[in-house]
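Asker: UniProt numbering numbers the first residue of the sequence shown as 1 and each following residue consecutively.
A few of these clues could be false.
Derived Cβ-Cβ restraints for the label pairs, each shown as a range [said to hold, decoys possible]:
1) L473 x D436: 45 to 51 Å
2) Q351 x A323: 38 to 44 Å
3) T100 x G539: 52 to 58 Å
4) R60 x G94: 31 to 37 Å
5) Q269 x A309: 34 to 40 Å
The calculated DSS-like cross-link candidates involving lysine-lysine, where the alpha carbons are at most 30 Å apart (straight line), are [to be verified]:
6) K992 x K152
7) K558 x K513
8) K16 x K1016
9) K487 x K523
10) K591 x K558
11) K76 x K1016
12) K992 x K209
13) K1014 x K1044
14) K1016 x K188
Worth flagging that the hints you see were computed from the coordinates, not collected in a lab.
We put the beta carbon where it would ideally sit given N, CA and C, even for glycine.
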Amino acid sequence: MYIEEVIIEGFKSYAKRTVIRGFDPMFNAITGLNGSGKSNILDAICFVLGISNLSQVRARSLQELVYKQGQAGISKASVTVVFRNDDRSRSPVGYENCSTISVTREVAVGGRNRYAVNGRSAQAGQVANLFHSVQLNVNNPHFLIMQGRITKVLNMKPSEILGMIEEAAGTRMFEHKKEGALKTLEKKENKVKEIERVLAEDIAPTLEKLRADKARYLRWSANAAAAARLERFCVAHEYHSAQKHSAELEAAYTDLKQRAQDQEKLALQCIEQAQNTTTSQSSDNDELTENARQAWKDAQREFIRMNAAVKAAENVLKKEQNALLQDSNQASERRIAQGKKVADLKIQLQQLITDERQAQERADTATENHREACAGRTSSGNDTKLSELRSQLAHDQSILKQLQAERNASIRKRETHAAAAKKHAIELVRLEKIADSARIDADKAQAEWNKITENDENTTTYNATSVREALELAAEQNRKVREAKAKAERLQTQIEARLGLDLADDCPCDRSKVRGRLATLIKPIDRNTSAGLEVVAGGRLFHVVVDDQDTGKKVLDKGRLKQRTTVIPLDRVTMPRIESSRVQRAAEISKKAPFKARPAIEFVGYPEDVRSAVAYAFGSTLLCESLDQARQVAFDAKVRTKCVTLQGDVCNPAGTLTGGSQSGRGMGTLLGAVFDLAEARDQVARLEDEYETLAKKAQMLETTTRARRDLEARREISKAKFEEAQEAARQCPAAIAAASLQDIDSNLNSLESQISSATQQVQKCREQLSALEAEGISSKNKRDAQLEAQRRAAEFERKALRKIAKQRADVETALKDASDLYDEEENEIEKDSTALKAAESELETARKNSLQAQNECDALKVQFDALDAERKERLRALKKFQAEREAAQAKASEAQLEAKRLTTQAQRLDRDKRDKDHRLDELLKAHTWIQAEEQFFGRPGGDYDFTQRDAASARQELEKLASDQDELAKNLNRRVMGAIEDAERQYDDLTKKRDAVSRDRAKIQNVITELDEKKKATLLTTVAAVDADFGAIFSSLLPGTSAKLSPPEGGHILDGLQVRVAFGNLWKNSLSELSGGQRSLIALSLVLAMLKFKPAPMYILDEVDAALDLSHTQNIGTMLKRHFQHAQFLVVSLKEGMFNNANVLFRTKFIDGVSTVTRTLGSSSSDTITSLQSQDEDAGPTKKRMKPSSSQRATSTS
1 MYIEEVIIEG FKSYAKRTVI RGFDPMFNAI TGLNGSGKSN ILDAICFVLG
51 ISNLSQVRAR SLQELVYKQG QAGISKASVT VVFRNDDRSR SPVGYENCST
101 ISVTREVAVG GRNRYAVNGR SAQAGQVANL FHSVQLNVNN PHFLIMQGRI
151 TKVLNMKPSE ILGMIEEAAG TRMFEHKKEG ALKTLEKKEN KVKEIERVLA
201 EDIAPTLEKL RADKARYLRW SANAAAAARL ERFCVAHEYH SAQKHSAELE
251 AAYTDLKQRA QDQEKLALQC IEQAQNTTTS QSSDNDELTE NARQAWKDAQ
301 REFIRMNAAV KAAENVLKKE QNALLQDSNQ ASERRIAQGK KVADLKIQLQ
351 QLITDERQAQ ERADTATENH REACAGRTSS GNDTKLSELR SQLAHDQSIL
401 KQLQAERNAS IRKRETHAAA AKKHAIELVR LEKIADSARI DADKAQAEWN
451 KITENDENTT TYNATSVREA LELAAEQNRK VREAKAKAER LQTQIEARLG
501 LDLADDCPCD RSKVRGRLAT LIKPIDRNTS AGLEVVAGGR LFHVVVDDQD
551 TGKKVLDKGR LKQRTTVIPL DRVTMPRIES SRVQRAAEIS KKAPFKARPA
601 IEFVGYPEDV RSAVAYAFGS TLLCESLDQA RQVAFDAKVR TKCVTLQGDV
651 CNPAGTLTGG SQSGRGMGTL LGAVFDLAEA RDQVARLEDE YETLAKKAQM
701 LETTTRARRD LEARREISKA KFEEAQEAAR QCPAAIAAAS LQDIDSNLNS
751 LESQISSATQ QVQKCREQLS ALEAEGISSK NKRDAQLEAQ RRAAEFERKA
801 LRKIAKQRAD VETALKDASD LYDEEENEIE KDSTALKAAE SELETARKNS
851 LQAQNECDAL KVQFDALDAE RKERLRALKK FQAEREAAQA KASEAQLEAK
901 RLTTQAQRLD RDKRDKDHRL DELLKAHTWI QAEEQFFGRP GGDYDFTQRD
951 AASARQELEK LASDQDELAK NLNRRVMGAI EDAERQYDDL TKKRDAVSRD
1001 RAKIQNVITE LDEKKKATLL TTVAAVDADF GAIFSSLLPG TSAKLSPPEG
1051 GHILDGLQVR VAFGNLWKNS LSELSGGQRS LIALSLVLAM LKFKPAPMYI
1101 LDEVDAALDL SHTQNIGTML KRHFQHAQFL VVSLKEGMFN NANVLFRTKF
1151 IDGVSTVTRT LGSSSSDTIT SLQSQDEDAG PTKKRMKPSS SQRATSTS
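Throw the hints in and build the complete structure from the sequences for me.
Answerer: This is the structure we're talking about:
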């Protein structure tokens, strides 16, 4: 990720919107006069990065960052930085899919401050996390070296220098975590003490008292429960007895009452049967029959009426249809006749329009002819021609006189130039010789250029772009080589950690005969076979391979190995192998599978001189694809060989299978790492070859481009000399005179020709003028007669036109009347058709109503016949009912007497039952639980088993418990259960918290110890790396010197670090013995060493070369460009030695109170570009300015 564009508006000295484009991914320099705003560009970038220490950007408040603090009409400052994000591996977290990242920060007068990322508002924390994820923490920077920091480094104490190293190493994070852990530990200890105090002083005494109250409360509760049970038993017994008695009374009462009601009903039935049988049957039957007859007669009358109405409507409809049809036919005939008339009128109108147009054209033509004749244009035009010829003659005579005057002047001028040409003829010959010599040189240079251009026609184009692209490709390839090497080194470190062989330095064995562990000498041909091969070899991968037995003995005896080791001597180890017949049989069994079973040694790559050791590990086992295939091969009678699958499952012909949980889990990691290491080394070799090719190509392109540029310069110089000589020859007085003579001679010839033509033209005009004057007299009389004839013709045509127009108006009126009449006939026909349809609809409705009335009449007739038959049947049954009535009346008298007796008995039982029910209601109101427990009353084995307990003894026991409860209730705490539960829960919670805090305290102490160890290890590694880079950088900047970081005398590295410098072999006791420039180099070397240790995507350096001379500045710029190609540098400098090494140079100027920026390519690029502004300032008032080409224009935006 690197800066691609910066947009500044209203920030410090940049009042107007300034867009700074074209930042180079590696080396950019900014220069300009003091106060021109060059450091403000870096301040703007830091402002976007979220700097909080405003003193770093030379401000005390955010308002000071606004142009003139808002007093010039600008009320806000805005800065946008656009980052290029092509490398996804170094992308900020969460922005991997963004090719560019735009970050904007805006501050307004009054304190409003906001951020935006890719056009969307964002919080300051979100922006900070974005930059922190790519090592750009502007508030604790190691990538930012502003003005004055070099001086601060020189004055740092040993502890402060150590702090810088810790910041670069990242161990400051350990300190922050440690401080946080110590604070947390202190809080935990205070928390434990507080918990123990609360337990001892508050919780324990309260808990003891509550426990005593709880015992009393539990006793009272038990007695209360027993008393409640006894009370319920007694109440239930009473309720159950009363309920049982009430039920008995209820049953007796119900029985008597039912019997009395039955007798009463029987009496009533007999009386009603006797009274109502004959009368009701007779009257109802007669009434129904009479109603049916009347309804039938009414329906018949309605049907007759409707039928008559239908017939009348049909007669009326027929008459109306006939009349409407007759009217419709007449209207149709009239419409047809009117339509024909309308069509004829339209045809006649169209003809009249055509005639009117033709008459109008004839009238217009006649009128125009008469007007032209009156104006004199229809005749031969002799008068006009006569006037024109006279004017032409005067004009031609004037031109002739002018031409004669010009000829005389040209003759005099030629004589003057001929004399001047004769005078300077010798000078012209000399200049022409010089021009010929320059032309020969230019032709030679052009021939050489054409030759090299033709040779390069089908090859690479040699220009600045191709050279820059080649250099960029080489740099990119070099980066890939470094990454591949780093990957290989990481894998090598991982493998050495597991397979390293740490022999003692004084081991007497020949190190060249110790090959190393077997796993480091082989490589799986396919990574997918790593798991299976690792199972095949097992622990033999860790065996040490040596050339002979003696070397093996020395390694085991004197090598002081840290772990138990097995040695494989190549001169003694046996080479087991599988018989070829078994291998062939295994191949036949697995021939249908894509992976055939083969000896494991065939899947391993190895040097030929260790073949015996590899065969010892892999030669006796077959490698199969799957467990099924392995079982088929291993247990085959002709094979009977141990088989291992690609997943690491083992099939032994002895009958065992090994696998399961380990299959595919962690298997093959060792040989997989070995395979990855070999692949990484091959990739490094391939990338290095490609890098050498690209580097050679880039060097060749650069050399060839330089040669072509020199040749092109020589060609341009020769061409310019030739053009200058040509121009000098052309500007010679003799050449000018000769050229003038040629022009004058040519002009004289032209004038003679023009004079001859003008003379002939004058003569011709005179002849035509005489002829026209004679002809004009005879033509006047003819013209008057023609005028009169044309006037009469025009008048006749106008009269005809008026007549045709009148006829057209009459036809249009008749056509309109006929069209209106035609539309009226159409409307009349439509109305008649609508009326006919309405009449037919009414007739159809009347027919439907008549048919419905007939159907109703028929239905009523059927109903009447049925009712009449029923009436006759009921009359026959009536006589039978009269005999039965008399018997029923006697039976009713007996039933009435029996009902009165039973009613008296029932009333007596009802009074007894109401008394029992009243008592039950009283019990239910007093004891609401009865309704819920009633179902258990009297149930055997339950609480309400009245057969097992006597109700009287239960009442006595209840009275005794009541007296005991009254005694206990005097000092009873009824809330003790809730209180003691809360107290015990609080006690348990505090105890758990105390235990948890104690465990956390132990963990925090372990974490602090672990952080100290990690910090120490990391710091030692960082100091060693920074010390090495510090010495190397200082030695390259100041040859013949050395520098190092060492602890104070008698101290340790963790106590602090101080800088030591040596010139030759003499170490200086103090830095005060050095010059100011040397001290600046020391400080800058230390800063650059830390930058190299902890790389960031971008570095900002603000006038770090202030105290250095030109040569040292040049060395620093060269070193930055060569050794820090992994990051983008933004360097502010006033010295040419620094910014000449930059790929892009930005120049700032302060014009009219506002800073502006101009971009140019640095001089280190193959194509140097100078800005237009610089050209305008450097050019003198008399020097001719050349217009730059489009590729040479600088970019300036403000």
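Asker: Hint by hint, note whether the structure agrees.
Answerer: Okay, the hints, checked on the actual structure:
1. In this structure the supplied range 45 to 51 Å holds for L473 paired with D436, their Cβ-Cβ distance being about 48 Å.
2. A C-beta distance of roughly 43 Å is found between Q351 and A323, which places it inside the suggested range of 38 to 44 Å.
3. A C-beta distance of roughly 55 Å is found between T100 and G539, which places it inside the suggested range of 52 to 58 Å.
4. At roughly 34 Å, the beta carbons of R60 and G94 sit within the given window of 31 to 37 Å.
5. At about 57 Å, the beta-carbon gap between Q269 and A309 misses the expected band of 34 to 40 Å.
6. Of the pairs offered as hints, the one joining K992 and K152 is violated, with about 53 Å between alpha carbons and a cut-off of 30 Å exceeded.
7. The suggested pairing of K558 with K513 holds, with an alpha-carbon distance near 15 Å, which does not exceed 30 Å.
8. The suggested pairing of K16 with K1016 is violated, with an alpha-carbon distance near 52 Å, which exceeds 30 Å.
9. Proposed proximity of K487 and K523 is supported: the alpha carbons are some 18 Å apart, at most 30 Å.
10. A C-alpha spacing of about 51 Å is found between K591 and K558, which places the hinted pair above 30 Å, so the restraint is violated.
11. A distance of roughly 48 Å separates the Cα atoms of K76 and K1016; the hinted pair therefore is violated under the 30 Å criterion.
12. With a C-alpha separation of about 23 Å, the suggested pair K992 and K209 falls inside the 30 Å cut-off, and the hint holds.
13. With a CA separation close to 24 Å, the supplied pair K1014 and K1044 stays within the 30 Å bound.
14. As the CA atoms of K1016 and K188 are separated by approximately 26 Å, the hinted pair is consistent with the 30 Å bound.
Violated hints for the displayed structure, listed by number in ascending order: 5, 6, 8, 10 and 11.
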